[in-house]
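Guided by the hints, dock chain B with the ligands onto chain A, whose structure is given.
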Amino acid sequence: MYAFAYHQPTSLKEAVSLLAGEDAKLVAGGHTLIPTMKQRLAAPGTLIDLGKVPDLVGIERSPRSITIGAMTTHGAVADSADVKEAIPALAELAALIGDPAVRHRGTIGGSVANNDPAADYPAACLALGATISTNKRKLTAEEYFTGLFETALEEGEIVTGVSFPIPHKAAYEKFRNPASRYALVGVFVAKRPSDIRVTVTGAGSNGVFRWTEAEEALAKRFSAKSLEGMSPSASGLNSDIHADADYRAHLIGVMARRAVQKAADR
Amino acid sequence: MSAVSLTVNGKAVTADIDPRTLLVQYLRENLRLTGTHVGCDTSQCGACVVHLDGEAIKACTVLAVQCDGRSVTTIEGLASGGELHPMQAAFREHHGLQCGYCTPGMIMTAVDLVRRKGNSLDEHTIRDELEGNICRCTGYHNIVKAIAAGAENMAAEPQKVAAE
Ligand SMILES: Cc1cc2nc3c(=O)[nH]c(=O)nc-3n(C[C@H](O)[C@H](O)[C@H](O)COP(=O)(O)OP(=O)(O)OC[C@H]3O[C@@H](n4cnc5c(N)ncnc54)[C@H](O)[C@@H]3O)c2cc1C
Ligand code: FES
Ligand code: FES
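Protein chains in written order, with UniProt numbering: chain A, 1 to 266; chain B, 1 to 164.
Please note that the accuracy of each hint is not assured.
Said to hold, decoys possible - Between beta-carbon pairs, the in silico distance windows are:
hint	chain 1	residue 1	chain 2	residue 2	range
1	B	Met1	A	Glu22	42 to 50 Å
2	A	Pro193	B	Glu152	45 to 53 Å
3	B	Gly118	A	Asp23	24 to 32 Å
4	A	His250	B	Ala15	51 to 59 Å
5	B	Asp128	A	Glu85	35 to 43 Å
6	A	Ser180	B	Val38	50 to 58 Å
7	B	Arg127	A	Ala81	20 to 28 Å
Stated by the list, open to error - Derived lysine to aspartate or glutamate pairs resembling EDC-like cross-links, with alpha carbons at most 16 Å apart:
hint	chain 1	residue 1	chain 2	residue 2
8	A	Lys52	B	Asp53
9	A	Lys13	A	Glu228
10	A	Lys38	B	Asp53
11	A	Lys52	B	Asp41
12	A	Lys225	A	Glu215
13	A	Lys38	B	Asp41
14	B	Lys117	A	Asp79
Claimed, not checked - One side of the interface only, derived from the structure: several residues of chain A facing chain B at Cβ under 8 Å:
hint	residue
15	Met1
16	Ala5
17	Tyr6
18	Gly30
19	Thr36
20	Arg40
21	Ala42
22	Gly45
23	Asp49
24	Pro100
25	Val102
26	Val254
No lab work stands behind these hints, which were simulated from the structure alone.
Where is the CB? At the ideal position from N, CA and C, for every residue including glycine.
This is chain A alone, in the form it adopts within the complex:
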């Protein structure tokens, strides 16, 4: 790891002004950034730790949504009675991230800011129609996730929280890479008041995406049978040493049917 200067601001305002400095980067749980810095793939001159900024931690439930502060850990989401009751699929997703120690440090803000193509939260954000709040504005998930490790965040912009509308039913099915624990393929299915969404993570060469054919089939009848024999085209899917594009396409069909079954049984 290269040397850096370190700051622990105690207000969002202070964090924003420190972040305007040259070569400054935020650190939340550090469970993506610190490994990357150890490998010298990232070498920020200054780290701004969000750990002591108040009001970024916590889960709030309203009749229609669950709002999660950016610095809330995966473990806190997985264990939250409110999340388990209102959107059980979201608590289950959080419980599948990494391992218990990773979940005690990794945060939702860090995860959506990083937008790893194999991360879990982006699938939930896009399927549930989440709103990502920053210190400057509010963005829909469609506007926010723009590609591989790419988001609509501008220089100096800080994610403050993510708000998830409560769906009628939802479920997440993940086929884990047994070594890294990230998603080889993860499918989130949400039956919302306005529409049905099926999103896929771990597979797309541009990051998370909606599988619209499956959405249309489920709009006719919300049943795993509606997806019988279906899988998306393998073009545009990742091929790597863990799985080729055809296998990923097949897995998407399988995970989607399992997720629909699970949601329908709720």
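This is chain B with the ligands only, laid out in the frame that chain A set:
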């Protein structure tokens, strides 16, 4: 250099350190608490697990400066008055180790597991929760047995549940 103050195994410590010092480095090299191990240095193996404010974390993936104002418990902080913590005693009793390299991390993970899931743990839960702890020697069977027994013994001897 950055100033950092934290509590380690119940004792207040302060230091002026290079901000890139990892918590595990600080514990081992500055405080000479070498019970916490480094297996992989890539957040995979769990040999470095300690408790931060009571929660299991991988000390190779946390900066010491991030722990300012917080409380850390290492394997050295578990035993009290020269007597092993019930989880440590269960690992000895059930042969939950061979070379012992993974053991401090296993035990810290196990104590955190009991905090979160209680004293009555089935085999499936234990194996699932050991996702982030790798053992090169034992094949896990005796680790799983030791954790189940240690969890029950912790209920019987609640006064010995760590210094945190
Ligand atoms: C062993 C291991 C297994 C893992 N398995 C999974 C898995 O199965 N699924 C999964 O989804 N993830 C997994 N992860 C990643 C983990 O969830 C990370 O914690 C997460 O992706 C990043 O969150 P963080 O809080 O650690 O962010 P950090 O590492 O602190 O930051 C990541 C990036 O986001 C930026 N950032 C952080 N917070 C904000 C903010 N509020 N506003 C703007 N930018 C911000 C940082 O500047 C940095 O560029 C794993 C990690 C490890 C080490
Ligand atoms: S040394 Fe920290 S997880 Fe392996
Ligand atoms: S006892 Fe040797 S690594 Fe576990």
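Quick check: which numbered hints come out false for this structure?
1, 3, 5, 6, 9, 10, 11, 19, 20, 21, 22, 26
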